[in-house]
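A.B. asks: Now for the letters of each chain:
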Amino acid sequence: GAVVSQHPSRVICKSGTSVKIECRSLDFQATTMFWYRQFPKQSLMLMATSNEGSKATYEQGVEKDKFLINHASLTLSTLTVTSAHPEDSSFYICSASIRAGGRTDTQYFGPGTRLTVL
Amino acid sequence: QQQVKQSPQSLIVQKGGISIINCAYENTAFDYFPWYQQFPGKGPALLIAIRPDVSEKKEGRFTISFNKSAKQFSLHIMDSQPGDSATYFCAAGSNFGNEKLTFGTGTRLTIIP
Chain H
1 GAVVSQHPSR
11 VICKSGTSVK
21 IECRSLDFQA
31 TTMFWYRQFP
41 KQSLMLMATS
51 NEGSKATYEQ
61 GVEKDKFLIN
71 HASLTLSTLT
81 VTSAHPEDSS
91 FYICSASIRA
101 GGRTDTQYFG
111 PGTRLTVL
Chain S
1 QQQVKQSPQS
11 LIVQKGGISI
21 INCAYENTAF
31 DYFPWYQQFP
41 GKGPALLIAI
51 RPDVSEKKEG
61 RFTISFNKSA
71 KQFSLHIMDS
81 QPGDSATYFC
91 AAGSNFGNEK
101 LTFGTGTRLT
111 IIP
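Respectively, the protein sequence lines represent chains H and S.
Counting from 1, one number per residue, gives the positions in the first sequence under the working numbering.
Counting from 1, one number per residue, gives the positions in the second sequence under the working numbering.
Don't take every hint at face value.
Straight-line C-alpha distance at most 30 Å; calculated DSBU-like pairs for lysine-lysine [as the list claims (entries may be wrong)]:
#  : chain 1 : residue 1 : chain 2 : residue 2
1  : H       : K66       : S       : K42
2  : H       : K64       : S       : K5
3  : H       : K41       : S       : K58
4  : H       : K66       : H       : K20
5  : S       : K42       : H       : K41
6  : H       : K55       : S       : K42
7  : S       : K57       : H       : K20
8  : H       : K64       : S       : K42
9  : H       : K41       : S       : K5
10 : S       : K58       : H       : K20
11 : S       : K57       : H       : K41
Everything labelled a hint here was simulated from the structure, so no lab data went into it.
Bound-form chain H, shown alone:
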């Protein structure tokens, strides 16, 4: 099946630093990638949608200057949490839409990145 990887799986950083999280589709080209955050025992909240080569579309309430998204290629998207603070501590998960047979179909999720800001 389609595999989406994320790196790193866990990161601990000091308040005020920036953290970059990578999301890669390993065996397919992803026309669209999505970034979610999930707090403990809660559902996934979409942060932004990114298409290769264009600016990301952010959901209402998500600060685009704080959560920088770059979708440099059809297999790589990055999320940078700038000037991280303890309230940014969360589980960040990406997903990618796979194009199959000329029709975009199905989202597959990465394993997630646990960010802890001290």
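Given the coordinates of chain H, assemble chain S onto it according to the supplied hints.
C.D. replies: Coordinates of chain S only, in the frame set by chain H:
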């Protein structure tokens, strides 16, 4: 109108029994309804998905039932096993999953021996 309501919040089922989780949506533009399984500390894994042109889809022990007129869909897990203990999320999206998914609130399923 973008909400997806999921119930129950938690569910305990005996091994070998049937687990049933329900979801309801409002947006008639949704045309893609996946179910995801998530274990603690892991990303969601796609279990099974359905489109509105069919009323039921079965894959192994997992079945989605879909009622377009009622705007409801449900996941049935037959012969539930302890390894099925996880959190299950329903979701709904447009453009066959290419656009953003709206997730339900999740159901924590526990299968007891």
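A.B. asks: Look at each hint and say if it fits the structure.
C.D. replies: Each hint, compared with the structure:
For the proposed pair K66(H) and K42(S), the alpha carbon gap of about 25 Å is at most 30 Å, so the pair holds. With a CA separation close to 28 Å, the supplied pair K64(H) and K5(S) stays within the 30 Å bound. Under the criterion of a C-alpha separation no larger than 30 Å, the hint pairing K41(H) with K58(S) is consistent with the structure, at around 28 Å. Annotation: proposed proximity of K66(H) to K20(H) holds, straight-line Cα distance about 12 Å (limit 30 Å).
Proposed proximity of K42(S) and K41(H) is supported: the alpha carbons are some 12 Å apart, at most 30 Å. Taken as a hint, the K55(H) and K42(S) pair is honoured in the structure, with Cα atoms around 28 Å apart against an allowance of 30 Å. Restraint check for K57(S) and K20(H): not satisfied, since their Cα atoms lie roughly 39 Å apart, outside the 30 Å limit. Between K64(H) and K42(S) the CA atoms are separated by roughly 26 Å; this keeps the pair inside 30 Å, and the hint holds.
Between K41(H) and K5(S), the direct Cα distance comes to roughly 16 Å. Compliance with the 30 Å bound is thereby established for this hinted pair. Taking the CA atoms of K58(S) and K20(H), the gap is near 40 Å; set against the 30 Å cutoff, the hint is violated. Taken as a hint, the K57(S) and K41(H) pair is honoured in the structure, with Cα atoms around 28 Å apart against an allowance of 30 Å.
The structure fails to meet hints 7 and 10 from the earlier list, while all remaining hints are met.
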